[in-house]
Each structure stands twice: as structure tokens, then as C-alpha cells.
Amino acid sequence: MSGIYEHLQNETEPNGRGLVPRPADLPPLNLFEREASGVRNHTVNWQSYVQGQMISQEEFMFIRDYDNSSSERLDSLIQANGPQCAKVMIRLIGRIAKEMTVRYILTLIDDMLKEKPERVNIFVEHGKKTKTSPWVPFLNLLNREDKFAVNQASRIVTKLACYGKERMGASDLRFYFGWMRTQFTTSGNEYVQTVAECLQQLLRLNEYREAFMENEGMSVLLVVLSGKVSFQIQYQLIFCVWMVSFNPVLCAQITKYNIIPVLADILSESVKEKVSRIILAVFRNLIEKPLEKEVTQENALTMIQCKVVKHLEVLEGQKIEDEDISEDIEMLQETLHNSMHDLSSFDEYSSEVKSGRLEWSPVHKSEKFWRENALRLNEKNYELLKILIRLLESSQDPLVLCVSAHDIGEYVRHYPRGKNVVEQLGGKQLVMQYMGHEDPNVRYEALLAVQKLMVHNWEYLGKQLPVQKEG
Numbered sequence: 000m001s002g003i004y005e006h007l008q009n010e011t012e013p014n015g016r017g018l019v020p021r022p023a024d025l026p027p028l029n030l031f032e033r034e035a036s037g038v039r040n041h042t043v044n045w046q047s048y049v050q051g052q053m054i055s056q057e058e059f060m061f062i063r064d065y066d067n068s069s070s071e072r073l074d075s076l077i078q079a080n081g082p083q084c085a086k087v088m089i090r091l092i093g094r095i096a097k098e099m100t101v102r103y104i105l106t107l108i109d110d111m112l113k114e115k116p117e118r119v120n121i122f123v124e125h126g127k128k129t130k131t132s133p134w135v136p137f138l139n140l141l142n143r144e145d146k147f148a149v150n151q152a153s154r155i156v157t158k159l160a161c162y163g164k165e166r167m168g169a170s171d172l173r174f175y176f177g178w179m180r181t182q183f184t185t186s187g188n189e190y191v192q193t194v195a196e197c198l199q200q201l202l203r204l205n206e207y208r209e210a211f212m213e214n215e216g217m218s219v220l221l222v223v224l225s226g227k228v229s230f231q232i233q234y235q236l237i238f239c240v241w242m243v244s245f246n247p248v249l250c251a252q253i254t255k256y257n258i259i260p261v262l263a264d265i266l267s268e269s270v271k272e273k274v275s276r277i278i279l280a281v282f283r284n285l286i287e288k289p290l291e292k293e294v295t296q297e298n299a300l301t302m303i304q305c306k307v308v309k310h311l312e313v314l315e316g317q318k319i320e321d322e323d324i325s326e327d328i329e330m331l332q333e334t335l336h337n338s339m340h341d342l343s344s345f346d347e348y349s350s351e352v353k354s355g356r357l358e359w360s361p362v363h364k365s366e367k368f369w370r371e372n373a374l375r376l377n378e379k380n381y382e383l384l385k386i387l388i389r390l391l392e393s394s395q396d397p398l399v400l401c402v403s404a405h406d407i408g409e410y411v412r413h414y415p416r417g418k419n420v421v422e423q424l425g426g427k428q429l430v431m432q433y434m435g436h437e438d439p440n441v442r443y444e445a446l447l448a449v450q451k452l453m454v455h456n457w458e459y460l461g462k463q464l465p466v467q468k469e470g
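Taken in order, the sequence shown gives residues 0 to 470; the numbers are from numbering that gives the first Met the number 0.
Hints should not be assumed to be uniformly reliable.
Claimed, not checked - Lysine-lysine pairs mimicking DSSO-like chemistry, simulated, CA-CA at most 27 Å apart:
id, residue 1, residue 2
1, K273, K309
2, K164, K127
3, K385, K292
4, K130, K113
5, K427, K255
6, K288, K309
7, K385, K353
Unchecked claim - Using C-beta positions, here's what the derived DEER-type ranges look like:
id, residue 1, residue 2, range
8, V308, E206, 35 to 41 Å
9, L446, E333, 42 to 48 Å
10, E333, M434, 46 to 52 Å
11, S75, T129, 24 to 30 Å
12, T184, V248, 24 to 30 Å
13, S360, V313, 20 to 26 Å
Derived from the structure by calculation, the hints contain no laboratory data. No experiment lies behind these values; they were computed from the predicted model shown. C-beta atoms are modelled at their ideal positions from N, C-alpha and C, and glycine is treated no differently.
Given only the sequences and the hints, what does the whole structure look like? Please build it.
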């Protein structure tokens with residue numbers, strides 16, 4: 000999969016530590032980068048802070064030298080005064096209230112670490128002296144009101160958490176991922192691209208992938224990707240999914256979030272090659288990485304259900320020069336076609352229900368199918384039946400509601416104890432409430448399902464009456 004990285008070498012190529020910075024001559028791509036460019040051109044009057052006794056003479060001399068040094072001189076200055084450099088900059092951030100100056104110092108730190116990632120060690124050494132993790136002073140800045148400063152601090156946190164040997168602990172990760180979750184789900188947030196870059200960088204490390212999943216990170220990505228976002232955000236967040244999918248255990252967990260249907264929709268609508276490329280890379284991992292054959296087969300069936308085969312045929316018909324895309328298309332086509340040959344009617348039904356995208360496929364109206372398979376809805380602690388009931392509870396799609404109500408009715412009709420099971424799971428009440436739905440088709444299917452529930456009850460009572468008389 001090296002081609003993906005080669006194609007993105009100025010954006011997201013791993014270098015063993017994290018994201019490679021873009022070349023300096025490229026124009027700013029987003030609000031954050033435009034603001035950072037302006038901050039770098041700002042001149043701070045450090046003398047005024049000395050006169051106001053906000054910084055010491057020693058701190059003033061260091062930051063003045065730092066600010067006026069060439070790139071070569073700066074490197075020597077950091078090497079000779081590393082611990083002092085970290086100490087001074089952290090103390091300045093804590094003492095100075097003026098937002099523009101805080102922005103400037105944070106940008107100096109971020110640029111310093113971006114230029115030479117090994118410089119994180121000066122913050123690590125400072126942290127050892129103060130008995131704190133190097134990222135803690137910057138995590139504390141994430142609650143500031145200045146959005147640029149907050150996002151600049153997050154970039155520094157990410158670099159400190161990725162470039163050094165020390166890894167962020169569970170408590171700090173929980174806080175940081177919680178902050179990211181808020182950023183992703185805040186309407187109108189113009190810094191989402193910057194937050195996504197930080198997440199991309201974190202998820203290159205397996206321990207952070209595991210923590211991300213433990214903190215329900217995948218559900219947040221799903222919410223964002225299910226909405227209307229730019230192709231750049233789509234690409235970045237799907238890249239995050241791809242990173243997680245390299246872990247075989249986590250790869251098996253990803254599909255529980257119903258990610259395949261969402262990615263299939265994006266693939267069908269995408270006009271950007273890099274978005275299509277990263278989706279195919281995720282699909283390939285979902286086939287190749289799981290340790291259990293059952294998980295791989297289930298993922299393949301879900302892709303079939305979501306019409307991925309058709310999307311692959313469309314992509315194949317386009318003139319694509321990227322070898323990675325061609326290889327992924329070929330591999331996925333072969334796997335999905337083989338799965339289709341082995342596909343039973345129940346496999347097809349199970350895949351459709353789990354995808355949540357119910358339609359009037361032939362199995363729903365097949366008497367033979369329900370006669371042979373109704374009992375199988377009890378498997379895995381009523382997994383499929385619970386999904387049908389959950390769809391009745393959560394879906395707004397009239398077609399999904401119609402098919403769900405119909406299938407619950409057929410389950411009850413063909414399984415003698417079905418009525419009791421549906422009642423216990425709360426399905427009967429849900430079906431009944433749809434008899435007053437605004438859509439006539441939903442009302443009709445709900446009515447039929449309720450009739451099946453009632454008829455089953457009458458048959459049960461009819462069988463019991465003679466027994467009671469004899470008693």
C-alpha cells in the first residue's frame with residue numbers, strides 16, 4: 000500500500016514519527032494555516048514584558064535571541080539550551096495573557112517540533128524535572144477561548160505524544176479524545192481539518208488506536224461521515240478508519256459500527272480519486288485483516304448488500320493509472336464474486352438486516368424462506384430480531400419501517416413462541432404505534448403485523464380451551 004503514501008507525501012506520509020510537514024512554498028490550505036502564516040509575521044515587543052515584570056531578564060534574553068536567530072543559529076541555540084528553551088516557553092505561556100503573544104509562542108513551538116521532531120526531548124527532559132508529562136501544559140490550554148491557540152496547542156500535544164518515547168496515559172487520552180469528539184461534532188467548526196490531522200497522526204501508533212476505539216471514537220467518525228462534509232474531511236476521517244483497520248482485533252470491531260454502508264455511499268458519490276482510493280484500502284483491510292473467517296465473510300456480504308460490486312465495476316471502467324487502486328479493485332472483485340457464489344438466502348437476508356438498509360428483496364416475501372428460516376432469527380441471542388426492532392425504533396425511512404414490521408409479523412407467524420419473544424423485546428408496542436403513521440404503506444404493514452400477532456394469540460387460546468374444560 001506504499002502508493003497511497005507516495006501520492007500523499009506532502010500531506011500524510013508516515014516518516015516513522017507522524018505527518019510530514021508540507022513544503023513551505025505551498026499556499027495555506029485552510030483557516031488555521033492562513034492564521035498561522037499571519038502569526039509568524041507578528042513582532043512581539045519582549046522588552047515591554049520585562050518592563051512590566053511579567054518575564055525575567057534571563058527569559059527576555061533567551062526569547063529575544065531565539066526570536067532573532069537564523070535557522071542554523073536556532074538549531075545551535077536549542078541544542079545548547081534545550082531544557083531552558085522548554086522551561087522559558089512554557090513559563091511564558093503561563094504568565095502572558097495577551098492572546099496574540101500566546102499564539103506566537105505556540106506557533107514557535109509547533110514550528111520547532113515540525114522542523115526536527117527529535118526536539119520533543121527537550122520538553123520530555125523539562126517534564127522529568129517538573130514531574131509532569133511533556134504534553135500536560137498544552138492539554139491545559141485546550142479550554143481557552145481563542146480557537147487558533149487551542150488548535151495550535153493540540154498540534155503540539157499530538158507531536159509530543161507521538162514523536163517521543165513516552166506514550167500518553169489512559170486518563171490524558173480520554174480527555175484528549177473527548178476534546179476531539181467535541182470538535183468534530185460542533186456545528187460550523189472551521190478547524191475540523193486541523194483536528195483531523197492530529198487524529199491521523201495519533202492513529203499511526205497502535206496503542207492510540209486501541210484507546211481511540213475504547214473511547215468510542217469510531218462512532219464519532221461515523222456520525223461526521225454520515226453528514227455533509229467536504230471531500231478533504233471525508234478523506235482525512237476515512238484515513239483514520241484505515242489506520243485503525245490495520246489492527247486485526249480492532250478491524251473486527253469496526254464493522255459493528257455499520258461503517259461499510261456509509262463508506263459505500265461515499266464511494267458511489269465521490270468524484271475525488273484520493274477518497275475512492277482510501278475507501279478501497281479500508282475495504283481491503285476489512286477483508287484481509289480479521290483473524291476470524293466469519294468476520295471476513297460477513298464484511299464481504301455487507302459490501303455485496305451495499306452494491307460495492309457495482310461501484311467497483313464503475314471504477315474499473317474509468318482510466319485509472321494508480322496501481323494501488325487497480326490492485327484493490329481486482330482483489331475486492333474476486334473476493335466479493337466468490338462470496339456471492341457461496342451466498343445462501345439466509346446469508347443474504349442477514350447481511351441486509353445488519354446493514355440497516357432494508358428493501359423488498361425477494362426473501363422478504365418468500366413463504367419458503369420464512370418457513371425454513373424464521374427460527375434462525377433466534378440465533379446469537381435474537382441478534383437479527385433485535386436489529387429489526389431497533390430499526391422500528393430509530394429509522395425515519397418509511398421503506399425500512401415497512402419491511403421491519405413485515406418481517407416481525409412473518410417471524411411471529413412461523414415461530415410458535417414468536418409473539419412472547421417480540422413482546423419481551425418491546426417489538427409489539429412499536430409495531431402497534433405505526434398503525435397511525437402518516438405513510439399509508441407503513442400503516443398497512445404495521446396493521447398486518449399486528450394481525451399476525453393477534454391471530455397467533457387466538458390459535459394459542461384455541462388450543463388451550465379444550466384442555467381447560469377437561470380439567
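Now for the hints, and whether the structure bears them out:
1. Straight-line distance between C-alpha atoms of K273 and K309 comes to about 19 Å, which keeps the hinted pair within the 27 Å bound.
2. The straight-line distance between the Cα atoms of K164 and K127 is roughly 13 Å, inside the 27 Å bound, and the hint therefore holds.
3. Taking the CA atoms of K385 and K292, the gap is near 24 Å; set against the 27 Å cutoff, the hint holds.
4. Restraint check for K130 and K113: the C-alpha separation of about 25 Å stays at or below 27 Å, so the hint holds.
5. For a cut-off of 27 Å, the pair hint linking K427 to K255 stands: about 26 Å separates their Cα positions.
6. For the hint linking K288 to K309, the alpha-carbon distance of about 23 Å falls within 27 Å, and the restraint holds.
7. Of the pairs offered as hints, the one joining K385 and K353 holds, with about 10 Å between alpha carbons and a cut-off of 27 Å not exceeded.
8. Between V308 and E206 the C-beta distance comes to about 36 Å, which sits within the given range of 35 to 41 Å.
9. Range check, L446 to E333: Cβ separation about 46 Å, and the 42 to 48 Å hint holds.
10. In this structure the supplied range 46 to 52 Å holds for E333 paired with M434, their Cβ-Cβ distance being about 47 Å.
11. Between S75 and T129 the C-beta distance comes to about 25 Å, which sits within the given range of 24 to 30 Å.
12. At about 26 Å, the CB distance of T184 to V248 agrees with the hint of 24 to 30 Å.
13. In this structure the hint that S360 and V313 lie 20 to 26 Å apart at CB holds, the actual value being about 22 Å.
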